[in-house]
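Participant: These are the residues of each chain, in order.
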Amino acid sequence: MTVEVNPEAIAPSSSAAQDRQAYLAHLLVQRPSMNGLDEVRDRALSIAQERGLPSHRDEDWRFTDLSALYQTSFTAPTSTALALQDIDAFILAEAPVRLVFVNGFFAPDLSATDNLPAGLSVSTLADVGNLVELGQQPGMTEVFTALNTASFADVALLRIAKNQVIEAPIHLLFLTTGDTPIITSPRGLVVAEANSAATLIEEYVAVKADSYFTNAVTEVCLGQNAQLHHHRIQREAKTAFHIGKTAVSQDRDSRYALTSLSLGGQMSRHNPMVVPTAGQTDTTLNGLTLAVDKQVADTHSDLSFTGPHCTAQQLHKCIVDDRARAVFNGKIFVPKLAQQTNASQLSRNLLLSTKARVDTKPQLEIIADDVKCAHGATVSQLDDEEVFYLQSRGLDHNSACDLLVEGFASEIIDQLPIAEQRQTLLNAVLSQIR
Amino acid sequence: MTATVENLVNQPYKYGFVTDIEVETIPRGLSEDVVRLISAKKNEPQFMLDFRLKAYHQWLKMSEPNWPHVHYPPIDYQDITYYSAPKAPEEKKQSLDEVDPVLLETFDKLGIPLSEQKRLSNVAVDAVFDSVSVATTFREDLAKEGVIFCSISEALHDYPELVEKYLGSVVPINDNFFSALNSAVFSDGSFVFIPKGVKCPMELSTYFRINTEGAGQFERTLIIAEEGSQVSYLEGCTAPMFDTNQLHAAVVELVALDDADIKYSTVQNWFAGDENGKGGIYNFVTKRGLCAGKNSKISWTQVETGSAITWKYPSCVLVGDNSVGEFYSVALTNNLQQADTGTKMVHVGKNTRSTIISKGISAGRSQNSYRGLVRMGPKADGSRNYSQCDSMLIGSDAEANTFPYIQVQNNSTKVEHEASTSKIGEDQLFYFAQRGISTEDAVSMMISGFCKDVFNQLPMEFAVEADRLLSLKLEGSVG
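One line per chain: the protein sequences are A and B, in this order.
Going by this note's numbering, the letters in the first sequence line up with residues 596 to 1029, in that order.
Going by this note's numbering, the letters in the second sequence line up with residues 49 to 527, in that order.
Hints are not guaranteed to be accurate.
[What the hints assert, rightly or not] Taking lysine-lysine pairs in the DSBU-like style, the calculated list, with each CA pair at most 30 Å apart, reads:
#, chain 1, residue 1, chain 2, residue 2
1, B, 471, A, 926
2, B, 326, A, 912
3, A, 833, B, 427
4, A, 912, B, 342
5, A, 967, B, 392
6, B, 427, A, 950
7, B, 462, A, 926
8, A, 889, B, 398
9, B, 471, A, 931
10, A, 912, B, 157
11, A, 931, B, 326
12, B, 326, B, 157
13, A, 889, B, 247
14, B, 398, A, 912
15, B, 326, B, 462
16, B, 398, B, 427
17, A, 803, A, 926
18, B, 342, A, 950
19, B, 247, B, 392
20, B, 392, A, 926
21, A, 967, B, 471
22, A, 967, B, 500
23, B, 326, A, 889
24, A, 950, B, 500
25, A, 967, B, 462
26, B, 157, A, 950
27, A, 950, B, 398
28, B, 192, A, 889
29, B, 500, A, 931
Hints in this document: simulated from the structure, not taken from any laboratory.
Small disclaimer: the values here were computed from a predicted structure and weren't measured.
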């Protein structure tokens, strides 16, 4: 692994850089102790230190201010026992296999891992000890990802065996709880072997917690002709900080579909990073961001092809209300080897208030000539004519607006596999903007 | 087929000759003394010297931008000649007859005849050779309408109050590294003033020519359109072929007051370097228009075919309510050329509208990036933007990138952006072949179709010229 050294991180040129260095040192102290994986964790530690924390001067963080995060001090997470009724609201009857992590620690009492379907194995670090696949996905040298690798308390490991199709969705629930501000580092690893198929629901929620920092990483490794429907739902507390990475590698002929919902957190960021390592893959990235009050919700996606004949579709939608701000940066990189790529990307943004703000940048970098790539972006408020049309059919103004927002959000939410959860999330979205 | 397309792109650069003329240059390098020397040579008023010195000191504190998607070795700013002019008698030429015939011949050869018999009947030309303006045609005719069209050095003597009022008002001294450098050392350029209510009777045009090896060209253009006036302005540029890279850092400022309309077209054909990327011009230009008044309009049209590296974002700041900004661009890169170009549309006033149409064609091993910004300010109620950027790739080593930044702070605005990348399809070529049209002709037809939206915006004579230029440049690269 090559590590690019950021000179500024080694020799801080300003007091601000020194402050960030000190803050990183503070975060790195808050690591739960753990046995095993020393080599992986130590390497990640040094990467994090070399990289240093970003500021708004870094192009990747230009629109997202981290200073509020840097001003909050966090303590190390502790394993906290919760009762099953505490998480009742999050249990999905239609997803019989459930792995629950509280503050980053595996909670066997809350999980449901009996009666596993054939071909699915779920485990944590205690069961497997050494994990060869861990930390092998792209984007591991990014500072927050390295911080997670150096700090995680446990790993949720899902392995779908060769030629197996798992019908029911698998539920991965990361909970944060507790009164004191803590930093948690949830970590997931999904390995889908050749010709397998599965559906995963990955969820981030809070139980009786408000001020905390979730720094999550999920790695996904798809074998040849494997298929994964990945649903990532971020419903953190309104005052929390959330930075998440979804790092995916796709082997030949594999299909990966991500639906990402970002609803919570005063500052949230999601970095889906997908690298098809061979040709003929199909990638779908769909996202919905809701930002209200003073929330800042950021999505930076990165799709880098390496082989020919791949297809990709991306649709990212933002609903921004009050004084909130949404940021989207979608990068698609098509190198010379990736001939016959067919990729499209669309960023659609709905501004519901006069103080709401959107910064969007769909970005295409193309070196291959035999490709079809298109991207688009739109930003607007609700269309007066559409509202008028609904009013002319007897809806009052507010119901008409609600219906239009519901339609806008449903395009993404409807892709979730469980009807009950779709309704819950749609209600959550609508209740926020009313 | 590959061979024919390649031949299509690789036409020799026909403006690459050097004019052998006695020139007056100052030693290479930049210092406060050089800035004072340039100012003294041009016999400038005190405010101008102060402006230059302020810019120079500002420049010393700044660093070169590194965010563009281009790569080049570091520029040694002490190895550039900052002033070079054909030797001339002390006084300014009163008529064309007094201009050195060698210079007239040079411009003739470039296709810009200045002498009275040959010149274009409906275009007034200001010809700039290295650091000075050698001639401006039709000045008297324009003066009758009250239009001022002269070199900026003359304007500094004849209309200092106008220059002082507007210079640096759109592109401040400290705007960026290259604009600060330009503000310190700019030598010449054009000055246009259209008084209230006047519709400029003819096209205005400036032709820039770099001749001296190792000289940088730093021109400054200032166009002011008063209330209700209209002007169409065209700029063209060429340079000889040298092995070394030359720096061209220009600043263009446009000011449109209430109901004024400025149309600014550029056909840029600086020497692009040879097929191995040796030599060529570094074209680092800051162009910005300010729609200061209500209902004003600024329209940029550019055809970028030359330069080793282009770094250029003609922008519109839409301050006046209902003002309109437009940007139409064709950027062609071939061989090892690099272009990072686009526009900025900053909406400040209410009901402002902007349109961006950008067409990028990259061939050979070149890099062509569109980088654009659309910003809707908090008070830009009811504003609209539509952007479309299309890229065409010719050859599997070419690179096309798009970096559109969209920043919206007002929910009553509407922003739409579309981009696509494609190549000329085999099926399309086959369709033409079926109808008896050769690959070369088919490709050049498809390219002119691809660029039509932009060429339609150019003044008639130049649209034809641009179309021809593009097919010449592309000769041999398609197929």
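Participant: For each hint, tell me whether it holds in the structure or not.
Facilitator: For each hint, the structure was consulted:
no.: 1; hint: B/471 <-> A/926; in the structure: holds, 20 Å
no.: 2; hint: B/326 <-> A/912; in the structure: violated, 46 Å
no.: 3; hint: A/833 <-> B/427; in the structure: holds, 29 Å
no.: 4; hint: A/912 <-> B/342; in the structure: violated, 35 Å
no.: 5; hint: A/967 <-> B/392; in the structure: holds, 26 Å
no.: 6; hint: B/427 <-> A/950; in the structure: holds, 10 Å
no.: 7; hint: B/462 <-> A/926; in the structure: holds, 23 Å
no.: 8; hint: A/889 <-> B/398; in the structure: holds, 25 Å
no.: 9; hint: B/471 <-> A/931; in the structure: holds, 14 Å
no.: 10; hint: A/912 <-> B/157; in the structure: violated, 56 Å
no.: 11; hint: A/931 <-> B/326; in the structure: holds, 24 Å
no.: 12; hint: B/326 <-> B/157; in the structure: holds, 25 Å
no.: 13; hint: A/889 <-> B/247; in the structure: violated, 50 Å
no.: 14; hint: B/398 <-> A/912; in the structure: holds, 26 Å
no.: 15; hint: B/326 <-> B/462; in the structure: violated, 45 Å
no.: 16; hint: B/398 <-> B/427; in the structure: holds, 7 Å
no.: 17; hint: A/803 <-> A/926; in the structure: violated, 37 Å
no.: 18; hint: B/342 <-> A/950; in the structure: holds, 25 Å
no.: 19; hint: B/247 <-> B/392; in the structure: holds, 27 Å
no.: 20; hint: B/392 <-> A/926; in the structure: holds, 20 Å
no.: 21; hint: A/967 <-> B/471; in the structure: holds, 8 Å
no.: 22; hint: A/967 <-> B/500; in the structure: holds, 21 Å
no.: 23; hint: B/326 <-> A/889; in the structure: violated, 53 Å
no.: 24; hint: A/950 <-> B/500; in the structure: violated, 39 Å
no.: 25; hint: A/967 <-> B/462; in the structure: holds, 27 Å
no.: 26; hint: B/157 <-> A/950; in the structure: violated, 58 Å
no.: 27; hint: A/950 <-> B/398; in the structure: holds, 16 Å
no.: 28; hint: B/192 <-> A/889; in the structure: violated, 60 Å
no.: 29; hint: B/500 <-> A/931; in the structure: holds, 29 Å
Consistency with the previously given hints fails for numbers 2, 4, 10, 13, 15, 17, 23, 24, 26 and 28, ordered from lowest to highest.
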